[in-house]
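Engineer: Make a model of the complete structure from these sequences and hints.
Number of protein chains: 2
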Amino acid sequence: MLTHLEIDIENIKMKIFNMADLSIEAVSSAIISLKKVDLKLAKKIIQNDSIIDKLEIDIDNECIKILATRQPAATDLRFILAILKVNTDLERIADLAVNIAHEVLQINGQPLIKPLVDIPRMSEIAIEMIKEGFVSITEKNVEKAKNVITMDDEIDKLNIQVNRELFTYMVESFKNISQGLCLIGVAKALERIGDHAKNIAERAVYYIQGDDIRHKSKKG
Amino acid sequence: MLTHLEIDIENIKMKIFNMADLSIEAVSSAIISLKKVDLKLAKKIIQNDSIIDKLEIDIDNECIKILATRQPAATDLRFILAILKVNTDLERIADLAVNIAHEVLQINGQPLIKPLVDIPRMSEIAIEMIKEGFVSITEKNVEKAKNVITMDDEIDKLNIQVNRELFTYMVESFKNISQGLCLIGVAKALERIGDHAKNIAERAVYYIQGDDIRHKSKKG
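Residue numbers (our numbering), protein chains in the order written: chain A, 508 to 727; chain B, 508 to 727.
No lab work stands behind these hints, which were simulated from the structure alone.
Treat the numbers as computed from the prediction; the structure is a model and nothing was measured.
Hints are not guaranteed to be accurate.
Note that identical chains are pooled: a pair holds if it fits in a single copy or bridges any two copies.
What the hints assert, rightly or not - Think about it this way: if two alpha-carbon atoms lie no more than 27 Å apart in a straight line, the pair counts; the simulated DSS-like pairs of lysine-lysine are:
id: 1; residue 1: Lys723; residue 2: Lys547
id: 2; residue 1: Lys653; residue 2: Lys561
id: 3; residue 1: Lys561; residue 2: Lys550
id: 4; residue 1: Lys723; residue 2: Lys647
Structural biologist: The following block contains the structure:
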């Protein structure tokens, strides 16, 4: 039979997986709305964000209740603490999808100044990172989590590439500046989504082995 | 005599106040480096970030140790959980100061295309928000924390104004596009620093009265 704590943890797992699904869907839909210049879809993403906001508060409260009443130790404590932080990252990811949707509304149905290749690629990598981060939590697979962390470099490189390319479009004609700024905003949002996905993988490593690997890739 | 838990909490308080001071200094120095086009100072901000990164991990570990060994309840539990989240916000604020420093390096000593008024104003408000957020924690003053939350609107308004103004400079001459993008990046970083400062005030309210006020200002 499961203990109260085990039941609570299963419950939290279900909710955080649901939260991850909703955040991924928000990012994916935001990029579809951009590619198709679909204002209706962009508006829907903005509206749906309140569902994710409510779920974030719900998950936080569940975690706090477990800490207060079940006094989890070792792996269970690390799991709850990791979920508390992952939850914030997922909510921020959904917020960034909303930022992208706002850029789409700003573009306001105008034809795109260039075909989008790198931006959709950035979103694909970011979504893959979130998914694999969660697989690494389920499988307690540190190698998989560490692999996710390295994937962020690819997104950062694409962001620089997108910025450089859009800059040339903007210099070429002042008519491209307005949309160029929107697309730079989209790429920036995806770069930040990649950062949050990386955070999730870092929390996964902490949960699995109790090792805090944040900032270790930085100099020094 | 103080209990072990009380001693631990005082210790954490000292560290998180130190973390706040360092983050504020990073933001303040970043704006000085921009105004003075001071590349040396910008580089120093980037270098110093590793100190803040280490302190973040230290504070997180202290919080986790308290949760694992002292099993705090009620206000103390809320305090530790609030600090865990505030700690992340402060580290992100320092990271955003680093982003600003990178924009300064990108500008690379070129004279500024316009006198800076709104950008320094944004940074002043953001710093005031962080300071007041911490005062509200010390004084357990909910009204002060709620006041901080409303200050974020002013930063958002200034960000829109800065963007609009820089857009006109960029359209006016393609020579302004490169630096215009840097200054838009600075304003965006300050807007996000304001968001994190707002988060800190929201955590303060949660700590003081156990009420989660996140997302309440949003529609619905």
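Engineer: Among all the numbered hints in the text so far, which are the ones the structure does not match?
Structural biologist: Per hint list: zero violations.
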